[in-house]
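Each protein sequence line maps, in turn, to chains A and B.
In terms of my numbering, the first sequence is numbered consecutively and its last residue is 192.
In terms of my numbering, the second sequence is numbered consecutively and its last residue is 192.
Since the hints were derived computationally from the structure, they do not count as laboratory data.
All C-beta atoms, glycine included, are put in the ideal place defined by N, C-alpha and C.
Any given hint might turn out to be false.
FRET-style restraints, in silico, Cβ to Cβ [claimed, not checked]:
1) B:ARG61 with A:PRO134: 21 to 31 Å
2) A:GLU178 with B:PRO192: 44 to 54 Å
3) B:GLY132 with A:ARG94: 11 to 21 Å
4) A:GLU178 with B:ARG146: 53 to 63 Å
5) A:LYS91 with B:ASP47: 13 to 23 Å
6) A:ARG94 with B:PRO99: 32 to 42 Å
7) A:SER175 with B:ARG179: 20 to 30 Å
8) B:VAL114 with A:GLY96: 27 to 37 Å
9) B:ARG61 with A:GLU178: 19 to 29 Å
Selected chain B positions facing chain A (in silico; Cβ < 10 Å) [claimed, not checked]:
10) GLU74
11) ALA122
12) SER128
13) ALA131
14) ARG146
15) LYS147
16) ALA149
17) SER150
18) PHE174
Covered, in the sense of this in silico footprint (three residues per stretch, anywhere, with C-beta under 8 Å from a C-beta of chain B), are these stretches of chain A [unchecked claim]:
19) 78-88
20) 139-145
21) 150-159
22) 165-171
Number of protein chains: 2
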Amino acid sequence: MRRIALLLVAVVTLAGVVVSMAPSSGHADGEAAPIFGVKIPPRYRDWRLISVAHEEGNLNDLRAILGNDVAIKAYREGKRPFPDGAIIARLAWSYVPSEENNKAFGRPQSFVAGPPTNGVQFMVKDSRKYASTGGWGFAQFNDGKPADEAVHNTCFSCHERVKDRDFVFTHYAP
Amino acid sequence: MRRIALLLVAVVTLAGVVVSMAPSSGHADGEAAPIFGVKIPPRYRDWRLISVAHEEGNLNDLRAILGNDVAIKAYREGKRPFPDGAIIARLAWSYVPSEENNKAFGRPQSFVAGPPTNGVQFMVKDSRKYASTGGWGFAQFNDGKPADEAVHNTCFSCHERVKDRDFVFTHYAP
Numbered sequence: 019m020r021r022i023a024l025l026l027v028a029v030v031t032l033a034g035v036v037v038s039m040a041p042s043s044g045h046a047d048g049e050a051a052p053i054f055g056v057k058i059p060p061r062y063r064d065w066r067l068i069s070v071a072h073e074e075g076n077l078n079d080l081r082a083i084l085g086n087d088v089a090i091k092a093y094r095e096g097k098r099p100f101p102d103g104a105i106i107a108r109l110a111w112s113y114v115p116s117e118e119n120n121k122a123f124g125r126p127q128s129f130v131a132g133p134p135t136n137g138v139q140f141m142v143k144d145s146r147k148y149a150s151t152g153g154w155g156f157a158q159f160n161d162g163k164p165a166d167e168a169v170h171n172t173c174f175s176c177h178e179r180v181k182d183r184d185f186v187f188t189h190y191a192p
Numbered sequence: 019m020r021r022i023a024l025l026l027v028a029v030v031t032l033a034g035v036v037v038s039m040a041p042s043s044g045h046a047d048g049e050a051a052p053i054f055g056v057k058i059p060p061r062y063r064d065w066r067l068i069s070v071a072h073e074e075g076n077l078n079d080l081r082a083i084l085g086n087d088v089a090i091k092a093y094r095e096g097k098r099p100f101p102d103g104a105i106i107a108r109l110a111w112s113y114v115p116s117e118e119n120n121k122a123f124g125r126p127q128s129f130v131a132g133p134p135t136n137g138v139q140f141m142v143k144d145s146r147k148y149a150s151t152g153g154w155g156f157a158q159f160n161d162g163k164p165a166d167e168a169v170h171n172t173c174f175s176c177h178e179r180v181k182d183r184d185f186v187f188t189h190y191a192p
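Using the sequences and the hints, build the whole thing.
This is the structure in structure tokens:
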């Protein structure tokens, strides 16, 4: 009996600690973006990497796509549609040649991430809340401020092209 | 007295669990690379993102530089030299045009990560063990197998160019 009590205390203490250590993905900071009401998820910069890309043209950036734990798990298990709670983040930085790296490689070939550019974008899966847009809420923030409604009106019409992949363009880079 | 005993059990139980949950950065998988004896750190694909880059030429890749907790902390705090235990990983994937993205953007501009290429590289900080190479051990693995000694002989001579930044080329992308 005493052992059971001891074990119970240990488990309860443990549960409290585990809860306090859990990522607070239910909370979000700052102003909500229009249409979908998405806020910047806390600590998204700590999320794991899904893949990387380079856009030429006006965008002219190097970008990283990160996922929260739910998104990464779904990617790795090939689970589609993504479960509710999945969030995918798109970060981007200016595409700049690296003189330093070019000297090291002995030829001009190296491009690295400069200052952040083109805002930060998020896709948030909530199949009930965002039922009319494939279960995804979309948001873009420029310098921490939500982009305007016109920008947010363009998200789904483009992502609809990849409806067969649950509206997500990015593939996981192993 | 009983409360103290209960608390003690809880703390001990907790300590056991925390230890078992801790990243086993002391353990590494597979064959050790030549010269520096570095093994592939477990779960490095889960590490946080330091930055991204694109190399043209023979390399022709998109790359991501990830860091373990010690490395990320040092980067964010601007701490140099990096403390012992810091590990930096360089992953790379083939640089491939994305027809799908190009259609979405309405012009050929999008390049994404294809299959992995150019191996995976690591820099491991151990100021005593690697005293003769700036405190860093270097390793490259191709398809999970260490590259040969000749490859490993080229690492430090190149990284020496950025001695003033503790021999690390990559800057942190905020």
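Results of checking the hints against the structure:
Look at B:ARG61 against A:PRO134: about 27 Å separates their beta carbons, and that is inside 21 to 31 Å. Distance hint check: the CB atoms of A:GLU178 and B:PRO192 are about 32 Å apart, inconsistent with the given range 44 to 54 Å. Remark: the range hint 11 to 21 Å for B:GLY132 to A:ARG94 is upheld by a beta-carbon distance near 18 Å. For A:GLU178 and B:ARG146, the hinted distance range of 53 to 63 Å is satisfied, since their beta carbons lie about 57 Å from each other.
Roughly 22 Å separates the CB atoms of A:LYS91 and B:ASP47, a value that falls within the hinted 13 to 23 Å. With their beta carbons about 35 Å apart, A:ARG94 and B:PRO99 fall inside the hinted range of 32 to 42 Å. Here the CB-CB span from A:SER175 to B:ARG179 is close to 48 Å, at odds with the stated 20 to 30 Å. Taking the beta carbon of each, B:VAL114 and A:GLY96 are about 20 Å apart, not inside 27 to 37 Å as hinted.
Taking 19 to 29 Å as the suggested C-beta distance range, the pair B:ARG61 and A:GLU178 does not conform, at roughly 36 Å. Of the supplied interface hints, the one on B:GLU74 holds, with its beta-carbon coming within about 4 Å of a beta-carbon of chain A, less than 10 Å. Nearest Cβ of chain A to the Cβ of B:ALA122: about 5 Å, under the 10 Å cut. The hint holds. Interface hint status for B:SER128: upheld, as the beta-carbon distance to the closest one in chain A is roughly 6 Å, under 10 Å.
Restraint check, B:ALA131 versus chain A: the minimum CB separation of about 4 Å is within 10 Å; hint holds. Among the interface hints, the one on B:ARG146 is violated; its C-beta lies about 27 Å from the nearest C-beta in chain A, farther than the 10 Å criterion. Evaluation of the B:LYS147 hint against chain A yields a violated restraint, the C-beta minimum of about 24 Å exceeding 10 Å. Hint status for B:ALA149 relative to chain A: violated, with the closest Cβ pair at about 23 Å, above 10 Å.
With its C-beta approaching chain A no nearer than about 20 Å, B:SER150 sits outside the 10 Å limit, and its interface hint is violated. Restraint check, B:PHE174 versus chain A: the minimum CB separation of about 12 Å is more than 10 Å; hint violated. With a cut-off of 8 Å between beta carbons, the segment 78-88 of chain A has 4 residues touching chain B; three or more are needed, and the interface restraint holds. Restraint check on the segment 139-145 of chain A versus chain B: 0 residues with Cβ-Cβ distances below 8 Å, three needed, restraint violated.
With 0 residues having a Cβ less than 8 Å from any Cβ of chain B, the segment 150-159 of chain A misses the three-residue criterion, and the hint is violated. Chain B is given as covering the segment 165-171 of chain A, and this is violated because 0 residues of the stretch bring a CB closer than 8 Å to a CB of that chain, at least three being needed.
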